[in-house]
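Chains as they are written, first to last, in the numbering used here: chain X, 1 to 97; chain S, 1 to 1041.
Among these hints, one or two may not hold up.
Unchecked claim - Capping the alpha-carbon separation at 25 angstroms, the derived lysine-lysine pairs in BS3-like fashion look like this:
(1) S/522 x S/116
(2) S/419 x S/522
(3) X/22 x S/9
(4) S/154 x X/83
(5) X/83 x S/522
(6) X/22 x S/99
(7) S/810 x S/99
(8) S/960 x X/83
(9) S/78 x S/810
(10) X/22 x S/419
(11) S/130 x S/116
(12) S/636 x S/649
(13) S/276 x S/154
It should be emphasised that the hints constitute simulated quantities derived from the structure, not laboratory data.
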Amino acid sequence: MKAILITFDQAYYERIVTMLEKNNCRGFTAWQQVQGRGSSDGEPHYGSHAWPSLASAIITMVEDSRVERILSILHEMDVATPKLGLRAFTWNIEQTI
Amino acid sequence: MSLYASAVKRPIMTTLCFVAVAILGLFSLSTLPIDLYPDIETNTIMVMTSYSGASAQDIEQNVTRPLENALNSVNDLKHITSKSRENISVITLEFEYGKDIDVLTNDVRDKLDMVKSSLPDNAENPIIFKFSTDMIPIVLLSVQASESMPGLYKILDDAVANPLARISGVGSVSISGAPKREIHVYIDPARLEAYGLSVETISSIIAAENRNIPGGSFDIGSDTYSLRVQGEFTSSDEMKNIVVGSVNGANVYLSDVARIDDSLEERAQQTYNDGKKGAMIVIQKQSGANSVEISNKVLKMLPSLQKRLPSDVKLGVIVDTSDNIRNTINSLVETVLYALLFVIIVVFGFLGRWRATLIIVITIPISLIASFIYLAITGNTLNIVSLSALSISIGMVVDDAIVVLENVTTHIERGSDPKQAAVHGTNEVAVSVIASTLTLIAVFFPLTLVTGMTGVLFRQLGWMVTIMMIISTVCALSLTPMLCSQLLRKDNKHGRIYRIFFTPINRGLDAFDNGYAWLLTKVVSHKTVTILVCMLIFIGSVSFVRYVGTEFFPTADDGRLGVNLELPIGTRVEISQEVTDRLVKEWRQKYPEIMVLNYTTGQASSDNTFASLSDNGPHIVSMNIRLTDPGDRDRKITEIAALMREDLKNYPEFSKYQVNVGGNRGSSMGGQATVDFEIYGYDFNETDSVARQLQRALEKIKGTADIRISRSEYQPEYQVDFDREKLALYGLNLQTAATYLRNRINGSLASQFREDGEEYDIKVMYSPEHRTAISDIENILIYTPSGGSVRVKDVGKVVERFTPPTIERKDRERIITVSTVVNGVPMSQVVEESQKAIDQMHIPVGVNIQLAGSFEDQQDSFRDLLTLAVLIVILVYIVMAAQFESYTYPAIIMTSLLFAFSGVFIILYLSGHTLNVMSMIGAIMLIGIVVKNGIVLIDYISLNRERGLSIRSAVILGGKSRLRPVVMTTLTTILGMVPMAVGTGQGAEMWRPMGTAVIGGLTFSTILTLLFVPALYCIFAYVGVKRARKSNRKNIQKQPK
């Protein structure tokens, strides 16, 4: 099992949830409105007067075998619309209940 | 869930909601009546008290003054004016506009009840009379007749007036110019005396003979019969054989002492239509009824009425007020449609996409149609004000939608799905959209609070625009995002036609952007110079203020002229008619623009309500002229009126003349403005001489015409001074003696002759040849109670006198009004010049001169509007300060107001318009419109700074990127006003100054705002930065090492 944290521009939200479903990832936790900014470039997502856009975040635990596939789909999305901003990070899950 | 998110999620619901609004709106539109102005409630009450036998001065002392003193304490009273004439006192109470007239009427009634007991015993009870705009006739019909002239009254009464009066909404139909049938018993005084009879005896005998008397009922056998005596005359000839007395056992018949003349009333108004004798039918509406509807019904009925008339009687239309209303409304509707077209073109030109244009433009009909619902619910009409509100709003309702669409497009271009883009894009701008709408509402909502005359007019404008703005914002936050999500595409492919058309447009716009950015770099580097130059331009433009005249309302060209002519008092009606006939022939030849010309002269009978309301008499001629439509002639109505006044100078026969544009003099809207000088003072001679002095002074001033002194000429008349002692000697009193005189000259109403269900008066009087000389009066025989008789000359003297004129009072002081029409020059100029003249005049102590008329109304309205402007500026500042959370930014933005006002003055000067209520309203609207540009600019510049840009680049980049939205919204507003400003249709004179003012102010202020505001922003921002650095430095120094 691996955890994938996906942070992205709000506009991606529905597309990502659909994508997860298609790839048999039933469980996920989402934060509809989060703020943040990329390490190198891209517009900050602060929901403020200067930077009105907002980001969302989804964390999902998937089987190791699916991680590669999901990340590649996410990367495709990011490349298609680079101005929106989408990042994903994975790490191992030690234990679950 | 937010409004826009649910709207995007549920497109069907959203669409249907707006469809429902549109259907309701269109339904409301179909029920809306058409009128010229919003309902102006009456604000005057008249109190009439008659006290027969009293002279003007007696009336003033004993009736008018006590009444005035009591009525003066009624609430909300603005002015109290009175006219004390022989026999009657007429007090007019003028109240503030917008008060409930019914409540006021009750107050007036209460006050009258209190004071009634202190009035003279013989004075009748005061009558309260509410005057309103409903009294103005809505249709005047002309009737031409030749052979049917003698019976015209009955023909018209049966075949025209009665059917017309049955139309629902028609108040009264009066016929003037057609004399009524009257049966005269012309007495020969010599024969009467020979038989020892008197007019009174004959009169009472006729009354006693002309009777039907029921005798009760009686039974014969099994039946009951009623008994009657049928004595009424069946023909006037029967009267000849009435026995009026007997002398030496022989019967004296009426034909022995009198001549029966079955003809028309002696003194009646005569009406001439296009030079032919005829009559005039005056139609008034019931209060609250719709003029256009009624006049439509009346006009529809005319052909069928015409059929029932004898072939020589022709009906025609002299004045149809609804004609003007319809034309005005039509030309305004045209204006609205043109504005719509222009706005669509601008939006399309800037956006270059059909779908985007559609999304924006659809908010226009929806907001506009929704406002009809408001009109229908509040019972208002489609009128000049509500339609101008539509025209004004067209350019503004799209602004919100444009902002939303633009941001959604940016999101889509960044890669969002249209649906997501619609929600998030709208979310980002929702607050600023609402804020900018609030600034506009801050301008228009206070308009609903204005009081007075202007308030009545602009309350509707305020509500309409406020409602349309709110609807357009709701639309921009729900319908626009929904349509964006449905109609906009992620990747836009443009066709060939697009490339052909829009490549040059886009290139042009880009060059424009770059040019502006270049200019901005210069401006930012030379801030002080920019500000100095702008301020110099502002100060320079302020000097135009001196050259822009002021007036109350522009003169509207409704193609109607009213001409009042007065010959020297006492002139016989035949003479008046003959002179007027000459004048008419001359005018007919000189002015081919005249379509219909009709005039009336002579004494109006007392049962003609319309005629008796206006001045009438044998020496007075009132003329109605209808000109062709303004579009069909080269000369303006004011030019024609001026030429006519010149012509009248060549007629020495007329002692006074007036040419009134729009039919009525000094009416608050539409007519030519008047300046009234009120001369207060008790002494008749002093005030008379001041009035004449003033008249001479005014005549020398350029731009005055038709100068009129309100106090009528001293009237020459014969009076019989009875010697009371001698009267008493014969056992007579003054009343008996005076009645004798009246019965012989004016006639005594004996009875009524009935025929075909109509009643005609039978009057007994001296035959005309026996009342032509003073001796005829002197020889009138008065019978004493003791059976003797005495001649008038034995108990009194017949003398010729000049009676004191009508005594006019205003606010409980005697007054004369000298009024002049302002023609060709601004009113302010005439006022200024005349003020100088008055200063040079010698005015006795106790006499003072005050300005009134349109000038007073103008001063009141201007004061109201200025207060309003201040209130609006404060409100707008509050809204902006709240939005920016800053005191400085709004102040910077507010500077664009200065340029807006200079723009208004410059364009008014260049276009030759004056500063009047309409252009003032335009200037007030500008407060809301011009700050919007500043808001957009400052908002984006401060956003850039928050994003970390330097002040300089924030200003330049911000300016460059906001140029297009600013220019676009400005252009939609300006082009939306262009049809108003250049309109030539009927009534266009009214709103032309408003459109012009908005265009000038907006253009000028936009150009200067785009340079001045960034420069000012830089200065303030640098000061802010310096201050921040200073305090930082202090903080660092304070920190312990």
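Outcome of the hint check:
no.	hint	in the structure
1	S/522 x S/116	violated (81 angstroms)
2	S/419 x S/522	violated (42 angstroms)
3	X/22 x S/9	holds (23 angstroms)
4	S/154 x X/83	violated (90 angstroms)
5	X/83 x S/522	violated (33 angstroms)
6	X/22 x S/99	violated (71 angstroms)
7	S/810 x S/99	holds (21 angstroms)
8	S/960 x X/83	holds (22 angstroms)
9	S/78 x S/810	holds (11 angstroms)
10	X/22 x S/419	holds (21 angstroms)
11	S/130 x S/116	holds (19 angstroms)
12	S/636 x S/649	holds (21 angstroms)
13	S/276 x S/154	holds (19 angstroms)
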